[in-house]
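Note that this note's numbering numbers the sequence shown so that position 55 is 56, with each residue one more than the last.
Do not take every clue at face value.
[Unchecked claim] With a straight-line cut-off of 20 Å between C-alpha atoms, the simulated DMTMM-like cross-links for lysine to aspartate or glutamate are:
hint, residue 1, residue 2
1, 64, 53
2, 10, 62
3, 10, 73
[Said to hold, decoys possible] What follows is a list of derived Cβ distance ranges for each label pair:
hint, residue 1, residue 2, range
4, 86, 13, 11 to 21 Å
5, 70, 17, 17 to 27 Å
6, 17, 74, 19 to 29 Å
Hints listed in this document are in silico derivations from the structure and should not be mistaken for laboratory results.
We treat Cβ as the ideally placed atom computed from N, Cα and C, and that holds for glycine.
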Amino acid sequence: MDDVRELRKVLAEAANGSRAIRYQRHAQERMLQRDVTTDDLLYLLDHPSCIEPQEVDLSGEEKFRVEGCDTDGRRLAVVVVVPPDRNELRIITVVTP
Numbered sequence: 002m003d004d005v006r007e008l009r010k011v012l013a014e015a016a017n018g019s020r021a022i023r024y025q026r027h028a029q030e031r032m033l034q035r036d037v038t039t040d041d042l043l044y045l046l047d048h049p050s051c052i053e054p055q056e057v058d059l060s061g062e063e064k065f066r067v068e069g070c071d072t073d074g075r076r077l078a079v080v081v082v083v084p085p086d087r088n089e090l091r092i093i094t095v096v097t098p
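Please take these sequences and the hints and turn them into a complete structure.
Put into structure tokens, the structure is as follows:
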């Protein structure tokens, strides 16, 4: 991903439904454990306050930590993966810092 602006576009498209979102099992478990709803995550993706690049794996998938607030103002962070073809956004985990 060339810059944060491009990732913000990917996040916004995922939040408004024009890009697929796939939740990994681990993320689903953490959402239940931390009482985080899909609406909370969609809000966070559409209104990120901080985006930190993580490592890129051998397949070229880029990983980012996205921080912000949920619909109630609670701080959240998610780790997302964007595959090279950018056809979807994968939610890896959900953290309540």
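Structure-based check of all given hints:
1. 64 / 53: Between residue 64 and residue 53 the Cα gap is close to 9 Å, so the pair holds against 20 Å.
2. 10 / 62: Roughly 17 Å separates the two Cα atoms, so the pair holds.
3. 10 / 73: violated, 23 Å
4. 86 / 13: 11 to 21 Å: Given a distance of about 18 Å, which is inside 11 to 21 Å, the answer is holds.
5. 70 / 17: 17 to 27 Å: holds, 18 Å
6. 17 / 74: 19 to 29 Å: holds, 21 Å
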